[in-house]
Each structure stands twice: as C-alpha cells, then as structure tokens.
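Protein chains in written order, with full-length UniProt numbering: chain G, 1 to 211; chain V, 1 to 211.
It should be emphasised that the hints constitute simulated quantities derived from the structure, not laboratory data.
Note that the Cβ used here is the ideal one computed from N, Cα and C, for glycine as well.
Please note that the accuracy of each hint is not assured.
So, partial list: chain G residues that the calculated Cβ filter (under 10 Å) puts toward chain V [unchecked claim]: (1) Ala-76; (2) Leu-167; (3) Arg-186.
2 protein chains.
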Amino acid sequence: MTRSRTSDPAGLTPKGQRTRAHIVAVAADLMFENSVAQTTIEDVRIAAGVSNSQIYHYFSDKSELIRAVIDHQTDAVLEPQQPIFSRLDTWEGLRDWRDYAVNHQKELNCRGGCPIASLSGQLAETDDAARLQLALSFRRWSAGLRSGLLAMAERGVLAADADPEQLAVVLLTSLQGGLLLTQLERDVTPLETALDAALEHVRRRMTTVPA
Amino acid sequence: MTRSRTSDPAGLTPKGQRTRAHIVAVAADLMFENSVAQTTIEDVRIAAGVSNSQIYHYFSDKSELIRAVIDHQTDAVLEPQQPIFSRLDTWEGLRDWRDYAVNHQKELNCRGGCPIASLSGQLAETDDAARLQLALSFRRWSAGLRSGLLAMAERGVLAADADPEQLAVVLLTSLQGGLLLTQLERDVTPLETALDAALEHVRRRMTTVPA
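Next comes chain G alone, as it looks inside the complex (with noise of 0.2 Å):
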C-alpha cells in the first residue's frame, strides 16, 4: 500500500490544509517552548487534538513536520514585517522597523528569542536539509530589507556607492545578534544597541541625513 504524498498543502481539500496548518501550528509551538529534540510527533499529535492516522497522513516522518515548521515561522516572522519592508526606502521607515523589533521583545518579556535562530541553533549541524532551508528563510528576510533600500537608492536617497544588498546584511545580522544577547539577559538593551549601530551605519550612506 502507498500512501499518497500529502506533506505539499497544494494538494489537499481546504478542510485538509486547515487541519494540516493547526498540526504545524501546535508542533511549532511546542518546538519553541520545548525544543525540537524534545517535542515527538506523539506530543504534537496529543496537543493538537488528532488522530494517528490523521498526523501521520499529512507527515511520513519528524523530518516532515521539522520541515513544514520552518516554514510557518519563517511566514510568522516576516509577514508581519510585509508592510514595514516596504516602507525602509525612508529613515523614519528605518526607525519604525527597529522599533517594532525592540517593541516585540518587550511584549515577550524578551523571551524565546527569533524562532527562525532558535531553529537554525538547533537543526544546522544536525540535519543539513534543515539547515538550507534555514538559510532560505534569512535570504527571504534579507530580501525584504533589501527591497527597502533599493527603492531608497532608485530615489536617490542612498549614497551611489552603498551596497543595499550589504546594509540588509548588516540590518539583519545586527538583529539577530542582539536578538541573542537580549533572549540570554532578559533585557531589551543589547538589541536597542546593535539596531542602533546598524541604523547609523544606513544612515552615514544617506545623501539626505535626517537630523
């Protein structure tokens, strides 16, 4: 017997990619909080209120789910962050962006960190599929930064020689490595410095320096 491969949601009825998309939900919550070495598909399958026949239908195997939970958090970080990328091209839009960052952490007590790391630490030297798809993720939330500054350069706002695809490097891993130090202390500072760092460095390559 063959079981039909189901771990694409393109295939399935709308009932199916709602039940589909509440068992990722639940894995990656429990992922989150309890890490993914220590979440099995038996925990999930509990959590979300199914079947065995139903989880396993959707996901053969951990690998499966693991997979899919990239995704949704790579989607949970950075449609939020949709409308606040296609406002970077200003300094103000700049400043929004990190705002909303820092605000983020504050609203979470600091906890938990960037899910999308919290995976990365876990999975990329482990399991390298995992670990692609991972780097995907930080090229799609790269692109999304990038697209901001492009339009600044298009409009002339960013000096001819600032690289839009670096200064999205920058944004990003300043983020990320205040993300790390503000999950380990409790305290929204160390991310509040580094996107600051990050911001002046955007803004030195401005043509129109806001005060």
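Since chain G is already given, all that's left is putting chain V on it; use the hints.
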C-alpha cells in the same frame, strides 16, 4: 550513603581533575556535534572510555554536566582571544580581532557557528540556570572586548562621548549575527560584512582615524 560533591574541580586530586576535564571535553564535543538533547550521559561515558561509577562520581546528572560544558566552551572560546583582547586598544588590534574571527570560520569551513550561541539556542528557554550561566559567558566576552576599548579611551584615541560598553556590545552582536548567517550559508561573507560594519562604527569614534 552520601556521595561527595565533586562537581567543583577544586576539591579533586590532580588525577581526578584530569579525568573530569577529559569527560567534560568529550561531552562538549558530542553536544556540539549532535546537540545537547541527543547526547546522553551514556554516550559521553562510552566516548570518554570511563566506567559508570567514574562518570557519576564527577557528575550527579546531565544538568551538572551541561553546566561544566558551558564553562568549558566559554574558556575554549575566550582563552585564545585573550592576547587579542589586550591589543584591542589600536585599530590594528581591532583588525586582527576581525581577521581572527573570519579566519577561524574559514578553518572550520563555516561549520558549527559559535559554541556558546549554539548552547544558548538549545538551552535558553528550557533551562533557566543554563540561560543565566550563558548570559555570564557573553558578559565575560563583552568585558574582554570592552577592556581594549577602555584602554583606547584612556589613551585619548576614542572620542570622549564614545561608550566602550556599548561599542563592545556592537562588536559582539555583529560577530554573533554574522556567525549565524555564515554557519547557515557555509560562507564567510555575512560575517565579514557584519564585522566590517562594526569596525567602521568604532573607527568613526576614534580621534586618530587610521587610513
């Protein structure tokens, strides 16, 4: 029967200290390569070539072993950097620190990321004692960086309004964010980009700006 507490190496004989250090080094390698969760005391015992009574003589449980591994990895990361920290009071010293970090990743083929960040990603939300210990590890790191910047300030090479504490956080968060993307991409470029931005941040605060 009470077992003597031997988790503090200070109370051990030289031979006991060597055996304990060997077990910790083996545990650190296993946890770095296979993750903390997937490393059992039994795995460590076998890899270290010691008996059950030996390993439990030194570590009453896995938590105690994890604490020792955090200390071990912190020393392993920071001790080679001590001579570099002492020269961070010049632009050449800062460049050397940057090159050391980049070359170290090249030697590792960008595998593994930062051992302390790796432990943080795995333990910060599931083991609060470990989180606090890891926060202290990064404070030690930050203090090492700050010492050079303070010496720079004392020599009058750093602008009076520059904050060595904040500059150290910028260097450390840039390093950590860069290491994360470099690990995922298996490419040293994001680390170079992040560190170059951090060094520029310091350079702009130097009163004698190098060429």
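Hint-by-hint comparison with the structure:
1. Ala-76: violated (17 Å)
2. Leu-167: Hint on Leu-167 (chain G): holds, closest Cβ of chain V at ~9 Å, below 10 Å.
3. Arg-186: Constraint on Arg-186 (chain G) satisfied, holds at 8 Å.
Hint violations for this structure: number 1 only, all remaining hints satisfied.
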